[in-house]
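Chemist: Single-letter residue listing:
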Amino acid sequence: MSLLLVAGVAVAGAVAGGLGSLLGIGGGVFLVPFLNAGLGTDFEIARAVSLMTVIATSSAVSAGAAGRNTINLRLGMVLEVASAAGGLAAGITVERLSPGTLYLTFAIVTAVIAVLMVTRLEKRNVLDAHTDTGVLGGRYYDAESGRDVAYRVKRLPLALAASTIAGAVSGALGIGGGILKVPILNAWCGVPLRPAAATSALMIGVTAAASLPLFYARGQVDPPTTAAAVLGVLAGSRAGLWFGGRARAKWLKALMALVLAAVSLLYFRKALM
Amino acid sequence: MRTANEALLRLEMRLGRLLQTGVISSAVCLAAGLLYWMMRGASPASDTALTLGLILLMATPIVRVLVSLIAYIRMRDWFFVATTVMVFVLLAVTIALALMKPGAA
Numbered sequence: 000m001s002l003l004l005v006a007g008v009a010v011a012g013a014v015a016g017g018l019g020s021l022l023g024i025g026g027g028v029f030l031v032p033f034l035n036a037g038l039g040t041d042f043e044i045a046r047a048v049s050l051m052t053v054i055a056t057s058s059a060v061s062a063g064a065a066g067r068n069t070i071n072l073r074l075g076m077v078l079e080v081a082s083a084a085g086g087l088a089a090g091i092t093v094e095r096l097s098p099g100t101l102y103l104t105f106a107i108v109t110a111v112i113a114v115l116m117v118t119r120l121e122k123r124n125v126l127d128a129h130t131d132t133g134v135l136g137g138r139y140y141d142a143e144s145g146r147d148v149a150y151r152v153k154r155l156p157l158a159l160a161a162s163t164i165a166g167a168v169s170g171a172l173g174i175g176g177g178i179l180k181v182p183i184l185n186a187w188c189g190v191p192l193r194p195a196a197a198t199s200a201l202m203i204g205v206t207a208a209a210s211l212p213l214f215y216a217r218g219q220v221d222p223p224t225t226a227a228a229v230l231g232v233l234a235g236s237r238a239g240l241w242f243g244g245r246a247r248a249k250w251l252k253a254l255m256a257l258v259l260a261a262v263s264l265l266y267f268r269k270a271l272m
Numbered sequence: 000m001r002t003a004n005e006a007l008l009r010l011e012m013r014l015g016r017l018l019q020t021g022v023i024s025s026a027v028c029l030a031a032g033l034l035y036w037m038m039r040g041a042s043p044a045s046d047t048a049l050t051l052g053l054i055l056l057m058a059t060p061i062v063r064v065l066v067s068l069i070a071y072i073r074m075r076d077w078f079f080v081a082t083t084v085m086v087f088v089l090l091a092v093t094i095a096l097a098l099m100k101p102g103a104a
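Just so you know, the sequences run in chain order G and W.
Under numbering that gives the first Met the number 0, the first residue of the first sequence carries the number 0, and numbering increases by one thereafter.
Under numbering that gives the first Met the number 0, the first residue of the second sequence carries the number 0, and numbering increases by one thereafter.
Just the calculated beta-carbon pair ranges, DEER-fashion:
| id | chain 1 | residue 1 | chain 2 | residue 2 | range |
| --- | --- | --- | --- | --- | --- |
| 1 | W | F78 | G | R154 | 16 to 24 Å |
| 2 | G | P98 | W | V92 | 21 to 29 Å |
| 3 | W | D46 | G | A142 | 40 to 48 Å |
| 4 | G | S144 | W | V66 | 26 to 34 Å |
| 5 | W | E5 | G | G99 | 47 to 55 Å |
| 6 | W | L65 | G | L96 | 30 to 38 Å |
| 7 | W | A3 | G | L2 | 48 to 56 Å |
| 8 | W | A3 | G | S1 | 50 to 58 Å |
| 9 | G | A142 | W | M99 | 44 to 52 Å |
Computed footprint of chain G on chain W; a stretch qualifies when at least three of its residues, placed anywhere within it, have a C-beta under 8 Å from a C-beta of chain G:
| id | region |
| --- | --- |
| 10 | 3–13 |
| 11 | 17–23 |
| 12 | 49–62 |
| 13 | 76–89 |
Bear in mind the hints are in silico, worked out from the structure with no lab data behind them.
Quick caveat, the model's predicted, so the values are computed rather than measured.
Don't be surprised by glycine CBs; every beta carbon is placed ideally from N, CA and C.
Please take these sequences and the hints and turn them into a complete structure.
Modeler: Here it is as structure tokens:
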């Protein structure tokens, strides 16, 4: 592992982390192709390194969000049963997948994410603060309406299914998987976008922890590369949050959806070769 | 209901501090290890610092689940005790498998 490569990984981490926080998604979907296709790292290594950064992002973002009541600890824990099971299943089975299958899965998932990024609709889902929220619902201060609001969780089996798939995708591909479950929680399960995103950010750390130790044991976590990526992502996402308050990200979303579409095509090609 | 919400908010704050401590201490270890590695190449000192940083990072969400478990036991919220135990068991299986086959392909 050369110095130059470590520096490249740190920069890639910073860019991925910055883009991730600007777009409200984790940076893994950018980091994995950058390491794998860009720097020529093995997919297994790129996945393990990226999962480490997913945990770092999860911890840092959740620490920052704590105390605002937007993290739904109860819903998160229930869905973590599903996402951790998905992650563990992927961690056990993924070595049996051929590289072609893995690339094809990555191509499909990046295409789905690209589409979700530009079409994601925001449903408000907020109810009067005095509504009974049920066991899994929540209350928080909604800055947009300037008052306390409540929400109820609907269609829990759907949320569990989405979390299982997001967990499996996370373990197989090394991404957080938040963007796969947040739109479902928001569109069909009654959860407003902010609690959905905050709860998902908390969940991806445990989800990654359900597969990553297996990759670590297989020697796929190269320490200097991972350290560079983690530090880069932490710095980048901090910078992204700082810029995020100042710029509208609509054009950036469209641009990055195009980048992801290109990444998707690249992996379709890799899968076919 | 109100007191349950307050207990959850307190738990959220405590978990936030825990995650903050985890990510900062791991970042410090990783930065120190990486710096040492860049200056002197791989050495026992850089290896120790980097490994410690990586283990701390992976352990943080797992400790978060344990702390939540203790909190739900204190709240006598048995549904969430059961849920949290399930998450913890899944993580324990991962760790047990990881320890069982170190270096396996």
